[in-house]
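*Asks:* Each chain, letter by letter, is given below.
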Amino acid sequence: MINERRNFLKALSAAPLLSGISLTTQASTGLNQKKVVVVGGGFAGATAARYLRRWSDCEVLLIEPNASYHSCILSNLVLTGDRSLDAITFNYTNLETKFGVKVIEDSVSRVDSANQIIYLSSDTEELNPINYDKLILAPGVAFKYPNWSIDFDTIPHAWKAGPQIEMLKQEIDNLADDDTMVIRVPSGAYRCPPGPYERTCAIADYLDRKGRAVSIKLIDPNDTLSGANVIANVFSGQFGDGNRYPNVEYIAADDIAEISMDKDITLNNGDSFNAQAINYIPDQQAPDIVRFTLHPDSNQAWASVNPLTYASTSGEVVNAANIHVIGDSQATLQPKAGHIANAEAKICADAIIRDFLGMAPYANPMTNSACFTPVNHEEASWISAVYRFDGNQVVTEKVGNSPEANMENYQMMFDWANNLFNDSFG
Amino acid sequence: MLSVNKPKLLALSISALLAACSSSGTEQSDTTYNLRGTVPGTTIEAFCDDGRYFSTQSDHSVEDSQHPFNLELPIGLSCRLVMTTGEGADAWVTPIGFFNVNTSSIAFESDDDIDIGHVALYLEKDPGCDLVPAAPTYDFNCDGVQDLPIYIEIDDDDFEIITYVADPLDDDRDNIVDAYEDDDDDGIPNSKDDNYGTDDNDGDGIENAYDVDDDNDGLNDDIDEDDDNDGLPDDEDADDDNDGIDDLYDEDYEDEEDDHENDSAPIFTNDEPSAGRLLVATQCAQCHGTDGFSLTDIDAIAGENRSELLEETIEYVHEPDNLMGFHGSAYLSLNEELESIADYLSTR
Ligand SMILES: Cc1cc2nc3c(=O)[nH]c(=O)nc-3n(C[C@H](O)[C@H](O)[C@H](O)COP(=O)(O)OP(=O)(O)OC[C@H]3O[C@@H](n4cnc5c(N)ncnc54)[C@H](O)[C@@H]3O)c2cc1C
Numbered sequence: 005m006i007n008e009r010r011n012f013l014k015a016l017s018a019a020p021l022l023s024g025i026s027l028t029t030q031a032s033t034g035l036n037q038k039k040v041v042v043v044g045g046g047f048a049g050a051t052a053a054r055y056l057r058r059w060s061d062c063e064v065l066l067i068e069p070n071a072s073y074h075s076c077i078l079s080n081l082v083l084t085g086d087r088s089l090d091a092i093t094f095n096y097t098n099l100e101t102k103f104g105v106k107v108i109e110d111s112v113s114r115v116d117s118a119n120q121i122i123y124l125s126s127d128t129e130e131l132n133p134i135n136y137d138k139l140i141l142a143p144g145v146a147f148k149y150p151n152w153s154i155d156f157d158t159i160p161h162a163w164k165a166g167p168q169i170e171m172l173k174q175e176i177d178n179l180a181d182d183d184t185m186v187i188r189v190p191s192g193a194y195r196c197p198p199g200p201y202e203r204t205c206a207i208a209d210y211l212d213r214k215g216r217a218v219s220i221k222l223i224d225p226n227d228t229l230s231g232a233n234v235i236a237n238v239f240s241g242q243f244g245d246g247n248r249y250p251n252v253e254y255i256a257a258d259d260i261a262e263i264s265m266d267k268d269i270t271l272n273n274g275d276s277f278n279a280q281a282i283n284y285i286p287d288q289q290a291p292d293i294v295r296f297t298l299h300p301d302s303n304q305a306w307a308s309v310n311p312l313t314y315a316s317t318s319g320e321v322v323n324a325a326n327i328h329v330i331g332d333s334q335a336t337l338q339p340k341a342g343h344i345a346n347a348e349a350k351i352c353a354d355a356i357i358r359d360f361l362g363m364a365p366y367a368n369p370m371t372n373s374a375c376f377t378p379v380n381h382e383e384a385s386w387i388s389a390v391y392r393f394d395g396n397q398v399v400t401e402k403v404g405n406s407p408e409a410n411m412e413n414y415q416m417m418f419d420w421a422n423n424l425f426n427d428s429f430g
Numbered sequence: 145m146l147s148v149n150k151p152k153l154l155a156l157s158i159s160a161l162l163a164a165c166s167s168s169g170t171e172q173s174d175t176t177y178n179l180r181g182t183v184p185g186t187t188i189e190a191f192c193d194d195g196r197y198f199s200t201q202s203d204h205s206v207e208d209s210q211h212p213f214n215l216e217l218p219i220g221l222s223c224r225l226v227m228t229t230g231e232g233a234d235a236w237v238t239p240i241g242f243f244n245v246n247t248s249s250i251a252f253e254s255d256d257d258i259d260i261g262h263v264a265l266y267l268e269k270d271p272g273c274d275l276v277p278a279a280p281t282y283d284f285n286c287d288g289v290q291d292l293p294i295y296i297e298i299d300d301d302d303f304e305i306i307t308y309v310a311d312p313l314d315d316d317r318d319n320i321v322d323a324y325e326d327d328d329d330d331g332i333p334n335s336k337d338d339n340y341g342t343d344d345n346d347g348d349g350i351e352n353a354y355d356v357d358d359d360n361d362g363l364n365d366d367i368d369e370d371d372d373n374d375g376l377p378d379d380e381d382a383d384d385d386n387d388g389i390d391d392l393y394d395e396d397y398e399d400e401e402d403d404h405e406n407d408s409a410p411i412f413t414n415d416e417p418s419a420g421r422l423l424v425a426t427q428c429a430q431c432h433g434t435d436g437f438s439l440t441d442i443d444a445i446a447g448e449n450r451s452e453l454l455e456e457t458i459e460y461v462h463e464p465d466n467l468m469g470f471h472g473s474a475y476l477s478l479n480e481e482l483e484s485i486a487d488y489l490s491t492r
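Read top to bottom, the protein sequences are chains A and B. Take 5 as the starting number for the first sequence in the working numbering and just add one per residue. Take 145 as the starting number for the second sequence in the working numbering and just add one per residue.
So that you can see chain B by itself, here it is in the shape it has in the complex (with noise of 0.2 Å):
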């Protein structure tokens, strides 16, 4: 499949992004509500679960800080918003979070209008940052402005805050979206940070040295390019998982590349007690996902080729200081046990 959908995407360079979503023509007939409010801030961007993308500028005709805004986004879809001010490399990135008496999160999903009032910049010195060698807890680029989130307080039924087991914009937990990541502490999100990643292919903001996934092709690395074994590599095929349906037709929308990365494992199955069941529950599943359904970066497996699973786990075995070259060995006498996880991921 060429296009990949993938929520680690959004850290493409966002005007990239923003040009592929509006040229995309793909029909969006969504039913959308608007998120109002006032803001100091100059941009107001969404990330939303799908993949999708929108921002809009605050109207700034008005002479005090409290600029308007309006965000048309789809109802029943789940986003987070990003607060930016200034522009360039004075530009402040402020997350918006929202709480309410039962619970916070960065997430939210609503089914009407909503107004979130006024949102202010949090200007407080982080007193870490005056300690030598430095250590903010709030502020880390230590320019005055928080860079966690500023948490709004909405009490209305039709606005859902929604909190994840495991967010699929937020891998590592920190209440800032994949795109804001500034991993190198310069104060630019590593998606808008030209400096960042020279030895970095995908422009996705992780160097290729930690990047599990250097072409974004939303393949590990360590595994082949070809997802089905069908010797047509992923990029031209149009069928990546070969289940004879073309992947433009094929399942959920979300899951343009097929693989089921980012997908959910059914939440009732039907089969009987089976071998294989059970040890993909025991051995693959803690880090691989539910039945090999990963919502991370680590490989989806559900579905694949039962050859490629089969040779790709024996092949691991040349990487011990590889986590799943360590599995993987484990397995060099317990054929049976292994054919058994092949056969029922396989047929995921």
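So that you can see chain A by itself, here it is in the shape it has in the complex (with noise of 0.2 Å):
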């Protein structure tokens, strides 16, 4: 019996394995005169640049001003001196060397959408227009400035990675006993909604570890852990008296007015007192290379655009033929993550060759997320939801959060990381 079952499916097996000998050699789709430009190498870019490249021959710009990448995710275990920040750094030469994409460094300052054109900051004048059959923006988020002056340089965001979470590491460090920090969320869309309050939990766990009594407040315009979802599923039991961080004062429906020089700190109710360490964690919205070529006369904070080919849809106002925006810039009700930013990619990548393919997209594209979020230096829970497509725009198939934080998440946490990595830059 056991035998001949092996036999048949031996046999059925033989042909994906016979044509499986081809999968090393390039791709033969015959796109090798059609150029897509990528603009920002985040998990959104560097995911659509490796998989056009993987699933075609298509010539594939990408256009990034770093050499090298910080990872957002993972980057609160560096404020905590878990990781280094060498260990969430990638750089373009695998995309470079392995999927023969072009990697200039430089940014990309202006689109001239109606010549699909666009042109580099290194080039002033823009005397070398460089051209496109498809454009992906994808350059994360700016940030918006509140109305008073404030200076990042001395009160960190640390809300993209790099010399910004070392700028907060150092700060945090610095805090002594009787000391206060300040947690600021930033209200609208942003980055990484559960992204604060794990951040509050990774310091406070920190903090709590080096015998620092430490005072942390966590201004949240928003209210978030009052609601029902699954950001206060996970957040809304670690914090204040008889919680695991009973030091940390949840500060809800209320924001910062202003920070003095001195870090003297007034919030919108008229309180004010003194913080030792503030991390202000700013408004955000699309960068301008976004915001001014796609939506140049409204004050939209993100790119309008069409699920199934993240093509842009503000095709009324400018001229935005072959124009696609993925990730953290566009503005489906998709969460601002990394996870997520990865498979926008690969949907406009797929769009965009069966676009030069003469196909239609495909009708019913899928994406999730999934982040990995540690409550201290030993546990994590996880917060995971599953979209669709219904016909006419991005619905949410499901949400769910792990029912508890455990060091079993915390484990696989690394195991996620490092396979979303390689599959965004590897």
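Hints were generated in silico from the structure; no laboratory data involved. Treat each hint with caution, since some may be false.
[Claimed, not checked] If you want the footprint, here are the derived chain A segments under chain B, 3+ residues with CB under 8 Å: (1) 47 to 58; (2) 81 to 93; (3) 191 to 199; (4) 254 to 262; (5) 282 to 290; (6) 371 to 381.
Ideal Cβ positions, reconstructed from N, Cα and C, are used throughout, including at glycine.
With the hints in hand, could you dock these two chains into one complex?
*Replies:* Laid out in structure tokens, this is it:
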């Protein structure tokens, strides 16, 4: 019995194995005359470049000002010294050498959408236009400054990894007993919705481990933790009297009205106090290159896109033909996160290749988001969501969180991150 | 397949591994180079990408702390070095890393003999050890010797410092090879720690409660024991993926288990755009690796049997606390999508 079945299955599986032999050769979809320019080499842009080249032989130009990319994912562990910044820093060598992506170390200063041309920042006189058949904008987020003055070189946002993370770490390490630290949650849509709460846990746990008695004020204009949502499920029981971090005071539905040079903080409700360390995470919007190109005459913060292709839908306002926006910069209801930015990038890459081949986009794309969030230095929870296209827009199929934080999730966090990093930069 | 060769296995007792390597009788026709240096330490070990392990003792006949050693390593194989000073309970374990102007890493390979010079112990009291409770930053067991790697500068065209996006021998990115993790912080690495993991079936240093793969057979415990669903448990099966090729002769010798774990996905694919290709990329790859070729302890799902994939996904629905259980239940009403995913993965 068993033998017969095995032989049958052997015969079945022979075919895919044979066709598999050609897998190591360059794809021959005949698209080498087509040129895609990708702006930004984060989770969204790097994945788009990688998969455009995995799936076709079209020319891909990736434009990114930094030679190396510091991942925000796992960056809270750098704040607490549990990981080095090096361990979450990637470069573009794999994309160049393995996948044949052309990488230009520069930023894009302007898009001339009517003529399908971009200019680089180093080309100040715009003498070297770069044309494209398709343009993918993936520049992440830009910060909105509050209406009082703030200098991020003295008060870190640490919401893009790299030097800002090191600066915030320095501030945390300088804290002494009885000091106060303030962390501000952005209002409106922002990158990594659970991030500020996760960071608060990481810092509170770190200070506990160091034996530092510091009080932390977490100021949240949105009052997220009082609502019924997955972030509240994971974090609402962490802060305040009788909870894991009694020294964290959650101040909801209020915001910082001003911070003085001496780090005196005034809230909208009039309260004021002095803090020795401040992490002001500002409100966010798509970078100028997205807004000026696609929504020049409005205050729209994020780019409207068609979720089947991630093509811009601002065509009635400007000529937006062949411009796609993926990752944190786009406006669908999907969370602004690296895991799902990676998925959006693949839908966009697939749609572009199909368009080059004269095919319609895939009609039922799906995405998912998964976020492992440590609550201390050995336990983590997960928050996850699945999205699909309902024929009209992106809708949520399912949202959930782990019932508890545990050590198994903490270990799995690295296994997940390693596969995600590889699938984007490897 | 009877023998497994996952890098995770390095966490097995080092001596058992050594015995297995030297007695396995596999012909190793590598060309080798000599890695030389001097150390205060007694033992130098190398952990390499294909799961192989090498070690040597330093020569103590020289009367100072600069004992010379010579380790013969295969050319072109990426390895990581660990130095041990002293013996038994008093042993200090020091990983060795390398840097040049461009990069730093614990992984390296060389095309020619290389002298790494003298590697001194980093002896300095960690200020965090004085705090109550202690909060050390580089000497976690507070024995006066840094536990993190000592980095040595090497600028030599034949010597390549390899940076991985994800190092298969360092799952948690802390620059300490998995074999030398010390999960109970008692100063003895898991692989040599008798007290650790009394509840640890496979002796891999990960307690069963936290081990996604209790028996180290390369299959996550929550999945069945029979990778290809052919009725033969994998441990007795000579052809784990049922591709008709005996595991011994199948594809990459590194993947003896023949399940694509720690294998990489092909770089270019030649397929037409399909629902399955896109859905695997958007729904599976972030956790299970590109096209299901996982590089970590999360299950590889490339090449798995179609009906097994469908069955497992649905079975997970009964484990809503598991992240995959959460995802499995999202596909309950999406049969067509789930089948496209299984079709694509089973033909990888
Ligand atoms: C503390 C923290 C924790 C997080 N944890 C998680 C997590 O657990 N899971 C998760 O999924 N997500 C997490 N995220 C969110 C995740 O980091 C972001 O959502 C993700 O980086 C977005 O990817 P992106 O490619 O859109 O943008 P980015 O990663 O910001 O990349 C944008 C790139 O574009 C470049 N660029 C900008 N302007 C230009 C220009 N004009 N020309 C050329 N290049 C340009 C930038 O240099 C940058 O490299 C976390 C974020 C933070 C802050």
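*Asks:* Taking the hints in turn, state whether each one holds.
*Replies:* Quick rundown of the hints versus the structure:
For the stretch 47 to 58 of chain A, the stated coverage by chain B holds: 3 residues have a C-beta nearer than 8 Å to a C-beta of that chain, and at least 3 were required. A count of 7 residues in the stretch 81 to 93 of chain A with a Cβ less than 8 Å from any Cβ of chain B is obtained; the coverage claim is therefore met, three being the minimum. Counting residues of the stretch 191 to 199 of chain A whose CB lies closer than 8 Å to any CB of chain B gives 0, which falls below the minimum of 3, so the coverage claim is violated. Coverage of a stretch by a chain is defined here by at least three residues with a beta carbon nearer than 8 Å to that chain's beta carbons; for the stretch 254 to 262 of chain A and chain B the count is 0, and the condition is violated.
As drawn, the stretch 282 to 290 of chain A meets chain B at 0 residues by the rule of a beta-carbon pair under 8 Å; below three, the given contact is violated. Three residues within the 8 Å Cβ limit are the bar, and the stretch 371 to 381 of chain A against chain B gives 3, so the coverage statement holds.
The structure shown violates the earlier hints numbered 3, 4 and 5.
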